[in-house]
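Novice: Since the structure of chain A is provided, determine the placement of chains B and C on it from the hints.
Sequences listed follow chains A, B and C, in order. Take the first sequence: its letter number 687 is residue 686 in numbering that gives the first Met the number 0, and every next letter is one higher. Take the second sequence: its letter number 389 is residue 388 in numbering that gives the first Met the number 0, and every next letter is one higher. Take the third sequence: its letter number 81 is residue 80 in numbering that gives the first Met the number 0, and every next letter is one higher.
Simulated from the structure, these hints should not be mistaken for lab results. Honestly, I wouldn't trust all of these hints.
Stated by the list, open to error - DSS-like cross-link-like pairs, simulated, lysine-lysine; straight-line CA separation at most 30 Å:
{"no.": "1", "chain 1": "B", "residue 1": "K224", "chain 2": "A", "residue 2": "K596"}
{"no.": "2", "chain 1": "A", "residue 1": "K596", "chain 2": "B", "residue 2": "K63"}
{"no.": "3", "chain 1": "A", "residue 1": "K439", "chain 2": "A", "residue 2": "K712"}
{"no.": "4", "chain 1": "B", "residue 1": "K152", "chain 2": "A", "residue 2": "K140"}
{"no.": "5", "chain 1": "B", "residue 1": "K267", "chain 2": "A", "residue 2": "K52"}
{"no.": "6", "chain 1": "A", "residue 1": "K390", "chain 2": "B", "residue 2": "K9"}
{"no.": "7", "chain 1": "A", "residue 1": "K158", "chain 2": "B", "residue 2": "K152"}
{"no.": "8", "chain 1": "A", "residue 1": "K439", "chain 2": "B", "residue 2": "K152"}
{"no.": "9", "chain 1": "A", "residue 1": "K52", "chain 2": "B", "residue 2": "K9"}
{"no.": "10", "chain 1": "A", "residue 1": "K140", "chain 2": "B", "residue 2": "K9"}
{"no.": "11", "chain 1": "A", "residue 1": "K912", "chain 2": "A", "residue 2": "K772"}
{"no.": "12", "chain 1": "A", "residue 1": "K653", "chain 2": "B", "residue 2": "K28"}
{"no.": "13", "chain 1": "A", "residue 1": "K52", "chain 2": "B", "residue 2": "K288"}
{"no.": "14", "chain 1": "A", "residue 1": "K596", "chain 2": "B", "residue 2": "K28"}
Said to hold, decoys possible - If you anchor each label on the Cβ, the simulated ranges turn out as follows:
{"no.": "15", "chain 1": "B", "residue 1": "L5", "chain 2": "A", "residue 2": "D354", "range": "45 to 53 Å"}
{"no.": "16", "chain 1": "B", "residue 1": "A29", "chain 2": "C", "residue 2": "S31", "range": "48 to 56 Å"}
{"no.": "17", "chain 1": "B", "residue 1": "D32", "chain 2": "C", "residue 2": "E36", "range": "26 to 34 Å"}
{"no.": "18", "chain 1": "B", "residue 1": "Q16", "chain 2": "A", "residue 2": "T19", "range": "32 to 40 Å"}
{"no.": "19", "chain 1": "B", "residue 1": "A223", "chain 2": "C", "residue 2": "S31", "range": "43 to 51 Å"}
{"no.": "20", "chain 1": "C", "residue 1": "G84", "chain 2": "B", "residue 2": "E386", "range": "42 to 50 Å"}
All C-beta atoms in this analysis are idealised placements derived from N, C-alpha and C, irrespective of residue type, glycine included.
Chain by chain, the residues run as shown.
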Amino acid sequence: MSNAYRSREGGRIDRRQRLTFTFDGKPYRGYAGDTLASALLANGVHLVGRSFKYHRPRGILAAGPEEPNALVDVSRGEARSTPNLRATQVELYEGLNARSQNRWPTLARDAGAINDTMSPMFAAGFYYKTFMGPRFLGGAKAWTRVFEPVIRRAAGLGKAPSGPDPDRYAVRHAHCDVLVVGAGPAGLAAATAAAATGARVILCDEQHEVGGSLLSERLAFIDRVPALDHVAAQREALARAPNVTILTRTTAFGAFAQNYFGLLQRLTDHLPAPAAGAARERLWQVRAKQVVLATGALERPLVFPDNDRPGIMLAGAGYTYLERYGVRPGQRAVIVGAHDTIYRAALAHHAAGIDIAAILDLRPQPEGPLVTQARQAGLRIDGASTITGTKGRLRVAKVMAGRIDDDGSVANVEQFACDHVLMSAGWTPAVHLFSQARGKLTFDAARQMFLPHTGEGATPGVHAIQCAGACHGVSALDSVIEDGYRAGDTASQRAGRGGRSSSRASAPPPSRSHVEHAPPAGGGMLGAAPHNRNAARVKAFVDFQNDVTAKDIKLATQEGFRSIEHVKRYTTTGMATDQGKTSNMHALAIAAAALGKPLPEVGLTTFRQPYTPISFGAMAGYARGNLFDPVRMTPIHPWAAKRGAVFEDVGNWKRARYFPQGAEDMHAAVARECRITRARVGMFDASTLGKIEVVGPDATRFMDLIYTNAWAKLGLERCRYGVMLNEAGFIMDDGVVARLAEDRFHVTTTTGGAPRVLAHMEDYLQTEFPDWKVWLTSTTEQWAVIALNGPHARAVLQAVAPGLDLSPQRLPHMGATSGAVAGIEARIFRVSFTGELGFEVNVPADYGQHVWEALWAACEAEDGVAYGTEAMHVMRAEKGYIIVGQETDGTVTPDDVGLGWAIGKAKADFVGKRSLTRPDIVKPDRKQLVGLMPADEAITLEEGAQVTESASPEVGSAALGHVTSSYWSEAMGRPIALGLVSAGRAREGTTVHVPMPDGSIAVTVTAPQFYDREGDRLHG
Amino acid sequence: MRYSALQLIKQAFKAHQDWPEQWRSPEPKARYDVIIVGAGGHGLATAYYLASEHGVRNVAVLDKGWLGGGNTGRNTTIIRSNYLWEESAALYDHAVKLWGDLSQALNYNVMYSPRGVMMLAHNVHDVQVAQRHVHANRLAGVDNAWLGPEAAKAFCDPLNISNNIRYPVMGAALQRRGGVARHDAVAWGYARAASALGVDIIENCAVTGIDRDAHGAVSGVQTAKGPIAAAKVGVVAAGHTSVLMDMAGVSMPLESYPLQALVSEPVKPIFPCVVMSNTVHAYISQSDKGELVIGAGTDAYTSYAQTGGLHITQHTLDAICELFPMFRRMRMLRNWGGIVDVTPDRSPILAKTPVSGLYVNCGWGTGGFKATPGSGHVFAHTIARDEPHAINAPFTIERFRTGRLIDEAAAAAVAH
Amino acid sequence: MLLISCPYCGARPELEFSHGGEAHIARPADPSAVSDEAWAGYLYHRSNPRGLHIERWRHTHGCGRFFNCVRDTVSDEILATYRAGEAPPDLTTLVSSSSSPTPPSTAPEAQPAHSPKATP
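Excised from the complex, chain A in its bound form:
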């Protein structure tokens, strides 16, 4: 199909570069420089989508980010299909494949259109008033059974991609002196002024080239040269400047505290064949000392009956399609509005040879240079006139024109056949980012617009923000440019980069610049245009995408919704994917009129980021797979991986859980690891344990504060199990502490707890006892820790550390020493978490694997095993050693788990001590750690299972407690369990019950130790 609606010449498309694309499977042709929207229009395609609720046929309303109707799915294959893209922002490329949405079976014949005929039912909020029955549909269940599924299927727009997105997304952080948002005339001027002062400038614009509104201004002149030549010169100068970064295809979507801005740069979506692995988008996070907002203004449609038919578009958009893309939206136009913008559109269309049926101006006596020009061009101008209705199924074919009398009543006077309508109610400054930055907006009643409140009385959030151009109500091109220079200059000055003095020298603001008959920014109308139709029946659309009409908004106010937030939520106006860019001001005005209140009193809905939608992928950036969260691995990890270890995630750590051999499952592997460790020897990688070196003259005092235990009497080269509470008296962490010198403790913490514990210690040291002489150093990553457990542990260690005296006399249980292990200086603690003879060998992490392999050789010689965390858990449970986070859950005190002995009774104070005397902490019925032995030895209890008094507890009855740990115990030849049970210690020997779905399990309460209760093996 040819470009029948393409003008002979002109526009910024490259007519030498022809492109083919498809829409709903049909092939079309366009040119490089087209958007999908301009290319479709050039092919005479106006029908591009269906509305959300009524499925009304819809065309292209706008030419930019405010487009509410022309939403399409652009697909590069299943996983690379993107729904809900605005055709007005999709750059055309060779082979582009676009589909319309929300229609079935076809766009032209959409079954959903039935909703339009039923629309009298579907007034605002109708769904709150029905679907609550009837009984034969399940009464209360009718909603979820019958109605909700139907509504859900009907709602939604495009389809989400069904496969994982293969594309990459990049992230970049940047700092600059001045961030300029928007590269229209104001933004370019601001960037030029700022750049001239040497300031580091970032200039961003959402379009693929700079120029903004000037890209549609063939007739504009700046400094006596065509505006677009001036833009080109400015662009080249900025591109040359080393202190300027120009980011096109980059939308500033969010303004956050302290001039932190989010920018989304589109890198490949415009390319026919993106390079493999190329990032699709880049998220820029920019911290700017100063920001210049030059975000322009958005045009408002006119709210008249049936204003939504394909072929009806914004006048400014029509002008842009004609002037920038060389596209003729049709052959015969009716032009309607309340703002001079319509005359520029009319003149341009007239000049392009398009027949102008009439210009209908709602203002009684249209005046001004543009009006005069239009008259001189012989165009028919009807003042005090409007459109009262339109006809045409899939495209507007006819409009009814009406005359507005002085009393506001309207009488139909004439009908015009036409194939497109251009409308404008005026312009709304794009204050989104300013508002996001917590800037106040003040309503300019004279010009009918909300403007940024800067300078005196401005909120702190916008102290470092300048506004330039149309986004704060400046219109004429020369003023816009001067405003831009001022803003850029002030910004660089405030960023500490000198100011006007330096910038004037290099970049004088242009003396004479103008657009032929630039219309003013202000004026126009807010709210619905008058008409003579039954207001309760006609549809005059305010929010096109969500099908919100003027009467919906009136209905909301009639039903008592008085704040614009309520009106918005009840009618869904402004909640579509365009977030009300074209509709919010109209909705506000209609609500205000209906409530008889001044517009500002009804309020303005909050502007939230993003300005236009941004992909989840770009927000996630690199944070995928192993980059989602850091992976921590011990020095021994490669060895374990080579031995086929199964790993588990513990915090950021990967820990070897068990080492299956052959076809072993976890149960078999763990049983073997336990059996051999207790019979001979086992090796365990304990490197993930947190380690903190506590050093200084006041170290003992500090340890006394942080731990429940008393440390003064702990001898040199001795270890002690320490318990740490939070100030609320609950167990926070535990671990073995070795005293290496009077003033030096080697503290170990749980794997997950290390950072929390260090922060906790630093908190008390720095903010409560800053005068104490103690230094804390995290050494978790500095030490690799190898645990040797079992009767042959000494032999294994001795084999690799011949020079060390490991005798029980020299190194008894809980003793510490140091010396060479496999040639590496090591700290050796004789401690055990299994109840067997045990040693923990600490060596510098870089030698971890070397020492491990040396010990492993000796271990193999003793027919030992390497065991993982699961076997460790079993063996410690057999001994009744708790695991913080498993036996405890943040509500457990030392006494609860039988660690009363670890509390230094003589100590006046330690963190958490005071809380231990609170009434509910000393109650006798507190849950206490006990052993739980299923009567039936074939049953291993489920961890987390509840413990009850009765064998058949009533639903809703309180539990006595729960099972905290439960395992098959190879050593005991039966299952064992630990649990927290109310007044548990007093229940020893009694029977309690563990209710399961298929009946209760009787269990005997025992002491929480099962294996070698006397502890002989420890002392071997």
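Specialist: Same frame as chain A, but now just chains B and C:
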């Protein structure tokens, strides 16, 4: 006017011109029996149950802004009751039971949709915690079932259960009665029903002081619209509770944090249930309109600014993209923030206060919406009888003195 | 993302810090001497003001030090930071100065990307 399909058709023929105001907008009277401060879901529900179940109809609900304009209209609408401690489970399940036919009770479709809430486990500890919840909930009579990865995938097809992610899914706890509802409708429905029973809802009426008589008991409030007398005042002001209670000289164990949420552009139905993950920090569902509704934890610092940091949203979407890789091309449409009031044990306070006649309902943190009907129901009881309902009896301020905390956070339950 | 000025290292992004709750809440010198009420007050009760909040931050991923910060909880504007142990600044003067159109100059590039880990 009663709402029904028939009524809708009838009004359609009259072009909807006869629909009355959904709630009256009166000027405040000089005196009320009870004043509720805060016209969010909890406050409006409290007023409704005071009028409907305790015959206390001379009630005013005051709000400094618009009703339902706070967290009621900003949350991700998740409803569930599979909490660990029996006190919590009882409170939230009381709410879930009321959700069941709330639309019929209020004659307002709040679109309660029990489509199932699935909470993911990503490591051995998660699994232990989730299974502990399942067992505890079964005893408490709250439905909650453990699913393996395949069963979880079968219940929620978009879920990525492969091992190619940082924290593979090891299973999930599923509460089938859990789900979502239409948050605004809950506030409007309660407002309409309460107003019909005589409750005065007074918007844009900020409370500036709480009056007390010679004996220290509450005697009324000072407001932007002048003083209003009342023997009983219930404060239900979420993030603003500390500020209000301070007016009565009562200090609260509360801190207010920003909580952010976001929605995607609407798409056709793709996500059947609610999925939450505590370990990777995100939760997600799909609204009836088609938007993916997504949230996570609070920002790190206390704040009354109804916005938060970009990095929080980024981390939330990191998690969503990990769990649901096909959503990377979906686009964030809107990101907003609310203010949540958090107690030290992450459980609410629903109680009498040291000041006679002053009652407080606060501390719901990130999970208040789900409790709306139950919270209002038992709080109304507490105010009307001047003694707590058995269900909210444990949720006192005193528990922080005696140490009888109800610590869902410490028990590693998801705090939302 | 807040930009927080560590008194030891200079302006850094929020990600480098951990929030430490309300500042100037001293632990009772002799906890055993205080009542359960007073102890609960120390543990749990915070002023949680709507407006100026004096709070602790720790430059966890920088120098590791705790310091204090005056922040407006309505605007999240940070009015001052100062070292632990120092007295808070006079808030009234802070407020008046904060409405000056030029905020305290924060030049992130002026400092090295990471301050050497200070050993207190």
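Novice: State for each hint whether it applies.
Specialist: Against the structure, the hints:
{"no.": "1", "hint": "K224/B / K596/A", "in the structure": "holds, 19 Å"}
{"no.": "2", "hint": "K596/A / K63/B", "in the structure": "holds, 19 Å"}
{"no.": "3", "hint": "K439/A / K712/A", "in the structure": "violated, 65 Å"}
{"no.": "4", "hint": "K152/B / K140/A", "in the structure": "holds, 25 Å"}
{"no.": "5", "hint": "K267/B / K52/A", "in the structure": "holds, 13 Å"}
{"no.": "6", "hint": "K390/A / K9/B", "in the structure": "holds, 29 Å"}
{"no.": "7", "hint": "K158/A / K152/B", "in the structure": "holds, 20 Å"}
{"no.": "8", "hint": "K439/A / K152/B", "in the structure": "violated, 47 Å"}
{"no.": "9", "hint": "K52/A / K9/B", "in the structure": "holds, 21 Å"}
{"no.": "10", "hint": "K140/A / K9/B", "in the structure": "holds, 24 Å"}
{"no.": "11", "hint": "K912/A / K772/A", "in the structure": "holds, 23 Å"}
{"no.": "12", "hint": "K653/A / K28/B", "in the structure": "violated, 65 Å"}
{"no.": "13", "hint": "K52/A / K288/B", "in the structure": "holds, 10 Å"}
{"no.": "14", "hint": "K596/A / K28/B", "in the structure": "holds, 24 Å"}
{"no.": "15", "hint": "L5/B / D354/A: 45 to 53 Å", "in the structure": "holds, 51 Å"}
{"no.": "16", "hint": "A29/B / S31/C: 48 to 56 Å", "in the structure": "holds, 52 Å"}
{"no.": "17", "hint": "D32/B / E36/C: 26 to 34 Å", "in the structure": "holds, 32 Å"}
{"no.": "18", "hint": "Q16/B / T19/A: 32 to 40 Å", "in the structure": "violated, 53 Å"}
{"no.": "19", "hint": "A223/B / S31/C: 43 to 51 Å", "in the structure": "holds, 47 Å"}
{"no.": "20", "hint": "G84/C / E386/B: 42 to 50 Å", "in the structure": "holds, 48 Å"}
When each numbered hint is compared with the structure, violations occur for hints 3, 8, 12, 18.
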